[in-house]
Amino acid sequence: MQWAELVEAGFWTLGRVLLAVAVGTLWTLPAGLAIGLSPRLSRILQPVVQVVASFPAPMLFFLVIGLLSWAGVSLGWGSIVLMLLGTQWYILFNVIAGAMTIPADLREAARSYRITGWRRFRMLYFPAVFPYLVTGWVTATGGAWNASIVSEYVKYRGEILKTEGLGARISDATDSDQLALLAASILVMSTLVVVFNRTVWKRCYRLAEERFSLNK
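My numbering numbers the first residue of the sequence shown as 1 and each following residue consecutively.
Incorrect hints may appear among the rest.
[Said to hold, decoys possible] Ranges between beta-carbon positions, derived for each pair: (1) Ala4 - Arg111: 51 to 59 Å; (2) Val48 - Ala71: 24 to 32 Å; (3) Ser69 - Leu41: 31 to 39 Å; (4) Glu209 - Ile160: 41 to 49 Å; (5) Asp177 - Leu106: 54 to 62 Å; (6) Glu210 - Gln2: 35 to 43 Å; (7) Leu187 - Arg40: 48 to 56 Å; (8) Lys155 - Gln2: 20 to 28 Å; (9) Ala97 - Gly158: 38 to 46 Å; (10) Leu18 - Gly158: 27 to 35 Å; (11) Arg107 - Val7: 45 to 53 Å; (12) Leu207 - Arg107: 17 to 25 Å; (13) Pro39 - Gly76: 38 to 46 Å; (14) Arg111 - Val23: 26 to 34 Å.
Hints in this document: simulated from the structure, not taken from any laboratory. Just so you know, even glycine gets a beta-carbon here, dropped at the ideal spot from N, CA and C.
Work out the full structure, taking the sequences as your base and the hints as a guide.
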């Protein structure tokens with residue numbers, strides 16, 4: 001067992017986790033703002049989103065893996081899609097919640113001063129939802145780490161598809177009863193998660209409190 005190999009595998013998984021969160025943010029941020037800022041859309045779409053989000057993502061893995069295989073996409077990239085299936089909703093729900101808390105007087109002031117488009121997003125919407133967005137990122141990242149165990153090591157039509165990553169190491173060690181490797185892999189994953197939380201996410205929370213709080 002090589003600790004250096006496990007750490008390297010951990011960084012492969014970390015990269016996929018961050019890509020999954022980034023891709024999820026690209027669509028959940030504008031969608032969440034649109035739903036949260038519109039009472040009509042919120043009334044119609046929130047129940048739909050809750051039903052879709054409650055559907056177990058692993059049940060779709062067989063279909064998604066089939067589509068990815070047909071398209072010639074390797075599991076290295078495909079695992080990002082699999083992670084995304086179950087984690088994107090955490091970001092969406094938090095953005096919706098943040099958008100719904102934006103005071104009406106601030107929105108009216110933006111309209112009065114004719115602040116529209118990108119300027120309104122940059123000056124009002126993004127700062128207002130940023131604390132909620134950070135919470136969504138943290139939750140989605142945790143979910144993606146868990147999902148990596150079943151996303152980087154997939155059984156499909158009697159074959160085992162796997163890619164380099166810590167999630168694959170954990171699944172492989174479980175299947176082959178390598179308890180020492182399993183324990184070491186879990187230890188490395190836990191360490192990476194804690195270090196990332198204490199550095200990146202802690203700074204994001206501090207930034208949200210000091211610069212993007214509407215209560216100050």
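Results of checking the hints against the structure:
1. Checked against the hint of 51 to 59 Å, the C-beta distance between Ala4 and Arg111 comes to roughly 57 Å, which is consistent with it.
2. Val48 and Ala71 have their C-beta atoms about 27 Å apart, which keeps the hinted 24 to 32 Å range intact.
3. Between Ser69 and Leu41 the CB atoms are about 36 Å apart, so this pair conforms to the stated range of 31 to 39 Å.
4. Our hint of 41 to 49 Å for Glu209 and Ile160 holds, since their Cβ atoms are close to 46 Å apart.
5. In this structure, Asp177 and Leu106 meet the distance hint of 54 to 62 Å, their C-beta atoms being roughly 58 Å apart.
6. Range check, Glu210 to Gln2: about 42 Å between beta-carbon atoms, so the 35 to 43 Å window is met.
7. Checking the proposed 48 to 56 Å range against Leu187 and Arg40 shows it holds: the Cβ atoms sit about 50 Å from each other.
8. Hint check: Lys155 to Gln2, Cβ distance near 26 Å, so the stated range 20 to 28 Å holds.
9. With their beta carbons about 44 Å apart, Ala97 and Gly158 fall inside the hinted range of 38 to 46 Å.
10. Between Leu18 and Gly158 the beta carbons are some 32 Å apart, a value that agrees with the proposed interval 27 to 35 Å.
11. For the pair Arg107 and Val7, the beta carbons lie near 47 Å from each other, so the given range of 45 to 53 Å is met.
12. For the pair Leu207 and Arg107, the beta carbons lie near 23 Å from each other, so the given range of 17 to 25 Å is met.
13. Between Pro39 and Gly76 the beta carbons are some 43 Å apart, a value that agrees with the proposed interval 38 to 46 Å.
14. Here the CB-CB span from Arg111 to Val23 is close to 32 Å, well matched to the stated 26 to 34 Å.
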